[in-house]
Amino acid sequence: LKGSVVLQQPLALRSTASSSSLSRVDEARLRRTVDAHFDALWRFLRRLGIPEGDVDDAVQEVILVLARKLDQVEDGRERSFVLSTAFRIASDMRRAVKRRREVDEASLFALASQAPDPEASAETRRLTVLFAQVLEQLSLEQRAVFVLYELEDFTMAEIAQTLALRPGTVASRLRRGRETFERLAAQALGAGGRP
Amino acid sequence: MNGPLRLRDGEGPAQVLMGGSGLNVPSASRRRALTFVGTAAAGTAVSGTAIATTTASLVKGVALCVCLGTVGGGLASLAVSETFSRVEARRPATIGSTTTQASVRAVSPSAPAARLDPAPPVVAPTAPDPVTTREARGSAPAPGVSGAAAPAVATAASAKPLPGPSLFEEQRSIESARAAVARGDAGSALATLDDHDRAYQKGQFGPEALALRVEALSAAGQLGRARGLAAEFQRRYPHHPLLSRVQGAALGVPSAKH
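From first to last, the protein sequence lines stand for chains R and V.
Sequential numbering of the first sequence, starting at 411, is according to our numbering.
Sequential numbering of the second sequence, starting at 7, is according to our numbering.
Treat each hint with caution, since some may be false.
Coverage of chain V stretches by chain R, computed from C-beta distances (three or more under 8 Å per stretch; other residues unrestricted) [unchecked claim]: (1) 21 to 28; (2) 33 to 47; (3) 202 to 209; (4) 249 to 256.
Ranges of calculated distance between the beta carbons of each label pair, as one might list FRET restraints [claimed, not checked]: (5) GLU589(R) - GLY258(V): 17 to 25 Å; (6) GLY190(V) - ALA438(R): 55 to 63 Å; (7) ARG189(V) - ASP436(R): 28 to 36 Å; (8) ALA567(R) - GLN207(V): 25 to 33 Å; (9) ASP502(R) - ARG231(V): 35 to 43 Å; (10) PRO577(R) - LYS208(V): 51 to 59 Å; (11) THR534(R) - GLY18(V): 13 to 21 Å.
The set of hints was computed from the structure by calculation and includes no laboratory data.
Beta carbons are placed, not taken as given, at the ideal position from N, Cα and C, and that holds for glycine.
Given these sequences and hints, build the entire structure.
Here is the structure:
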């Protein structure tokens, strides 16, 4: 489908590799990759709406996939592969839990357990809650692009590569995500921008 | 492909709100992940003599059943229930014989959530026990489950009993309240939740009911009561996914989606 996320053959994979072949895992490279990209992976999963209590499970799913595919991932493309896998797993988790509970997806996947730091100021705590609330209003697809661009400092080209999207799709999702975010931020904070 | 100025570098409410985007990554999660690397590598490597298989599931609230193989092919089973996080490992084995078959179920980019190609049978008379996700997280292994001297056949009791009629009814009750909140009918939502609380004092949707009550009270303008119940929610369910929604509702933030 035009504009949809296509992860059948992530761009980070070597095109000649067989996706089903098993081979000895380069554990040292696997460990380096996980160590180098763990923070981005954890934050990305949380910001895609995976509850904090489930993030470790999702991380392990990513590692399992990475372990199987690492020999097919080009050097320097590890981050893209890790985050593209995380996106797909987050999508799967959302669908699985939604089916299981048969209740509102947004309710289940609120960023709610992003509990504000109790030591933070009241304003910071309020901003943290508001940010989570507003981010929840973005669709998963918009949220992924928004988070990678605004919070992880990906370029639009890197996002297109990571999520296997056309550049135009990245641009439109980012634009719509930003519009929603800005509109809700203004509603929540007022024109002055103060909570 | 140049992008627009990032919101945090701009001005206005969006720039201010980006100040709430901070997210601390727990160091314990990093440690667990790095510990799991060895498990993942072991579970994926093919040595020519053994395949260890490990499957980590994402579904909460099911059981792990570990069956211990005994000499002569008999099996003794030990069921270990867990409240959270299912871990499955399956490795049918014939004790003292020549074959071990393994299959891996995991997700992969090329086949989301699909079973991978079955691995061919291999000779593995002394194959190591699979290391489960839970074990990799530091939990104590089940009593009696140990190394190669006691080859383990672990299977997951993944079958979950179907919910009974009362659970469906309770869920319908919650859905009714949720729909009332969504259409802005706080009075109807509160009445439904009152009925719900009376009917399901030990129900399965307690957090959802309380969260909806906070939202309904907030919508009705009863912010004082909403905040009180939000505090109770935080005390009773400090890690619940609905917590930020509840806190937002208590602060008067409208919930755009239901």
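Structure-based check of each hint:
1. 21 to 28: This one holds; 8 residues, not fewer than the three required, reach chain R with a Cβ under 8 Å.
2. 33 to 47: Coverage by chain R holds for the segment 33 to 47 of chain V (10 residues, Cβ < 8 Å).
3. 202 to 209: Violated - the segment 202 to 209 of chain V has 0 residues with a Cβ nearer than 8 Å to chain R, which falls short of three.
4. 249 to 256: holds (count 6)
5. GLU589(R) - GLY258(V): 17 to 25 Å: 23 Å Cβ-Cβ, so the 17 to 25 Å window holds.
6. GLY190(V) - ALA438(R): 55 to 63 Å: 57 Å, holds
7. ARG189(V) - ASP436(R): 28 to 36 Å: 56 Å, violated
8. ALA567(R) - GLN207(V): 25 to 33 Å: About 56 Å separates the Cβ atoms of ALA567(R) and GLN207(V), which means 25 to 33 Å is violated.
9. ASP502(R) - ARG231(V): 35 to 43 Å: Given about 39 Å between the Cβ atoms, the range holds.
10. PRO577(R) - LYS208(V): 51 to 59 Å: 54 Å, holds
11. THR534(R) - GLY18(V): 13 to 21 Å: Given a distance of about 18 Å, which is inside 13 to 21 Å, the answer is holds.
The structure fails to meet hints 3, 7, 8 from the earlier list, while all remaining hints are met.
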